[in-house]
Amino acid sequence: MMKRLLDGVSPRALVLLAAFAAALVAAPYVASPYVLSVLIISLYFAFVGQAWNLMIGFAGLLSLGHALFVGLGAYTSAVLFIQFSIEPWAGVCAAIAVSVLMGSVIGYLGFRFSIRGVYFALLTIAFAEFTGILVDHSGWLGGSSGLFLPVTHGNGNNVFMLRGSQSMFYYVILFLTGAALVLCRLLVSSKLGLYWLAIREDQEAAEASGVPLFRYKMIAVAISSGMTGIAGVWYAFYYNNLFPEATFSTAQSIELILGTVVGGVGTLFGPILGAFLLTPLGEVLTGLTESFDIDGIKTFFWGLCVIAIVLFRPGGIWPWLSGLLDLDGRRRRSQP
Amino acid sequence: MPAEIYLNVAVSGLLTGLIYGLSALGLSVIFGVIRIVNFAHGEIMVGGMFVTLLLFRHLGIDPLAAVPVVAVALFSFGYFLQDLVVRRVAHLADHMQFLLMAAIAVVIVSLCLMIFGPDAQAAHVSYAYDSFEIGPLLVDKVRVYAGLAALVVSALLFAFFRYTDTGKAIRACGDNYMGALVVGLNVRRLYALTFGIGCACLGAAGAILVLLIDVHPYLGPSYTLLAFIIVIIGGLGSLPGALLGGLLIGVSEAMAGLFMQPSLKSAVSFGLLILVLLLRPQGLLGKAAR
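Residue numbers (our numbering), protein chains in the order written: chain S, 1 to 336; chain Y, 1 to 290.
Just chain Y, with the same shape it has in the complex:
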């Protein structure tokens, strides 16, 4: 096989990895602050994908232009989900929280199924079959746009947590819950904001992903697992780690698709997960365990 093929696959894997990373950021933000593992992650993202599809079909809005709209929609969803439901299980054992999130996931999948039906649906944009040619590289236009969009949203998120007061307050809640209460932060509202922001990431990632794959209600669980793999590899709760993990998984999946049966690619990801859990359980960029 000529070398260009590897390069091409690697680049498209990197671009897909950026979107994976953005989606994993959503999981990482929520776990890092609220300490709740969002087992409905993939399903919420699929909900965002369907919203994007609706906007595209009925209003003719390009999925990339829909990113802010979907992000805002899922932000409100996440805000109220945390404030009305998830908040009430914060003191319960891990398995109860897990069950609640899994049940929420079931409800979301069922809703999508009831409204949109079980078939795979796609948004066909006018530039779907165009590609950029850079030297020996041949990259799909949609993939480049999608990767860049994911990068922009991730950068906005990093800037938010680094430079705004609200972002700093949220990080304070994550670092020291008691301390945040003592200095008078409104932790309940900040938690709801955090869950909202996490879901907004998912909405953005979902909207972007509509460019690359067909949507159907049963996509959710595999993306939930994928996001787990990514954040564990990068370090649960670490934002740069989530992005790095996304890139790693994007490239390794693309490469696995080249060297073996494409359906085996998730075995490679799970293998990586087991390795990381055993050798560096806090993840590549995570802080050492308490």
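Looking at chain S on its own, in the form it has when it is part of the complex:
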């Protein structure tokens, strides 16, 4: 397994990756609580971005409703915790199950009825919005006035209870992001990953060569939705409050995938790079525009930045950066 993980990665890239990982591990000891909170949000977006990237980047399935799985994971674990005192380490299993089930339903309907491209994306939006409205009208789930988790103080860090300091949440999401990177790398270099690439590049050709489209698309959706569900559990216990509008809306889905698109769809490191660029960019813009005190000025510049990135780095920033740093090594192996 180690061999598959490292095969074809240039020493230069390994050193950089190790340095980056070490910096992240050391961050809570040196960073201020504010910087740490920005890092936490970056890692959260990096993790969800990796999950989304699995579908669009590797298997070519465009989902624009990924907030649905975050919301499902968050609400499942939160309700189990509040109503039945089921702790998050058990709740996360239920959250994964619910998310995967929903993902499979959407995938089944979409792929059985051969709904593709933009239409499949709209199907995912429809499911996310529909679920959001239902949650909004369900009194049991708190409705539009929100669902709140009881906050306990002073019990120390407990990873299984997802209760503790900011650093604990940081290390949990850091672990998840790292694990997702390893998982994606293993998947891409596996036979499954090759099938996905074949489907992404040319569905008809893949089918003609005997790739069972339905099965492998379903696997992509299931893994992606399950991972996103885990992110939802983390989200619920980190923020301790859930609002249907803020968790299920299309605006939320856009925010989740933005980093990945900017970083580079279909690359392993793109989601991480994108999240670590965009989240701090948002913070910097907040700082710069605060003094003007005009509504909307921050999002205005933010939108312009995104437009500029789409126009001038349409392949994402990672492929360009990795070329610049010559991370592919001298042999110029094409990176999956």
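No lab work stands behind these hints: they were computed from the structure. Please read all numbers here as calculations on a predicted model, not as lab measurements. In this text, a Cβ means the ideal position worked out from N, Cα and C, and glycines have one as well. A hint or two may mislead.
[To be verified] DEER-style ranges, computed between Cβ atoms:
#, chain 1, residue 1, chain 2, residue 2, range
1, Y, Q261, S, G146, 16 to 24 Å
2, S, N158, Y, R280, 31 to 39 Å
3, Y, A155, S, Y34, 55 to 63 Å
4, S, D293, Y, A3, 49 to 57 Å
5, Y, G179, S, S138, 47 to 55 Å
6, Y, A3, S, P314, 53 to 61 Å
7, Y, L264, S, D293, 47 to 55 Å
8, S, L325, Y, L284, 51 to 59 Å
9, S, R116, Y, L148, 37 to 45 Å
[Stated by the list, open to error] Stretch by stretch, here's where chain Y covers chain S in the computed footprint (C-beta under 8 Å, at least three residues):
#, stretch
10, 56-66
11, 115-125
12, 130-137
13, 246-257
14, 284-298
15, 302-309
Starting from the known structure of chain S, fit chain Y onto it as the hints suggest.
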């Protein structure tokens, strides 16, 4: 409940549906020809609504009289947006186009927010509270005018695509891109025209809509989603389909408001969308998938 109430609600739903249909035409025209899904649809329309509001406030122009002005203004906006920005992403993957349009939407919302502030604003016309009484029917005057105006603009659009050379040329681009290039059509200019026409529809629909609802910058996303639902139900790229979808959604929303909580009405629309996507993905009037 007496039967008149259902009839009244149905009629006012139909009239609102006409405006929805006109706005959805804007989305359908652009997708049908340029094959780009305009995710900034609702936001561009809200921009048109604010222009209407400005004209009403400062020059005292009635929103209905402002329809041509706003349509022309948004036409130029759309023309240059396509020619300067959107054209450059035509060869990119779906998600890049989506991101670009979503970012444009964010910029438009932020601009509206910066200029007009976050509060809901209304244009009060003198006939706002009048109504027509036809037998048992009691219909708001503004709604009748609004529906009729939407019908007129839609008819003009259909006539344009059916009878003028430019309209035919645009349809040719949509049907066969390569063929249009081969016969020497100026596809770049026609695409810009198409995007402009799509936005003009939005401007007209927005101006008309000012009569019926209060304007605020955050209206956009819900109208974007609504237009998607309508064009998917009617058939993405089909013009009559967009109108039919608009009417269907207008009536179903009005009825849903009668039978259940009004806030649940969009759940009904999304439910309809999922059904149509599964049972007839090309939409009610769309051509079968390639």
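Outcome of the hint check:
no. : hint                          : in the structure
1   : Q261(Y) / G146(S): 16 to 24 Å : 18 Å, holds
2   : N158(S) / R280(Y): 31 to 39 Å : 52 Å, violated
3   : A155(Y) / Y34(S): 55 to 63 Å  : 59 Å, holds
4   : D293(S) / A3(Y): 49 to 57 Å   : 55 Å, holds
5   : G179(Y) / S138(S): 47 to 55 Å : 53 Å, holds
6   : A3(Y) / P314(S): 53 to 61 Å   : 58 Å, holds
7   : L264(Y) / D293(S): 47 to 55 Å : 38 Å, violated
8   : L325(S) / L284(Y): 51 to 59 Å : 53 Å, holds
9   : R116(S) / L148(Y): 37 to 45 Å : 39 Å, holds
10  : 56-66                         : holds (count 3)
11  : 115-125                       : holds (count 8)
12  : 130-137                       : holds (count 5)
13  : 246-257                       : holds (count 5)
14  : 284-298                       : holds (count 5)
15  : 302-309                       : holds (count 5)
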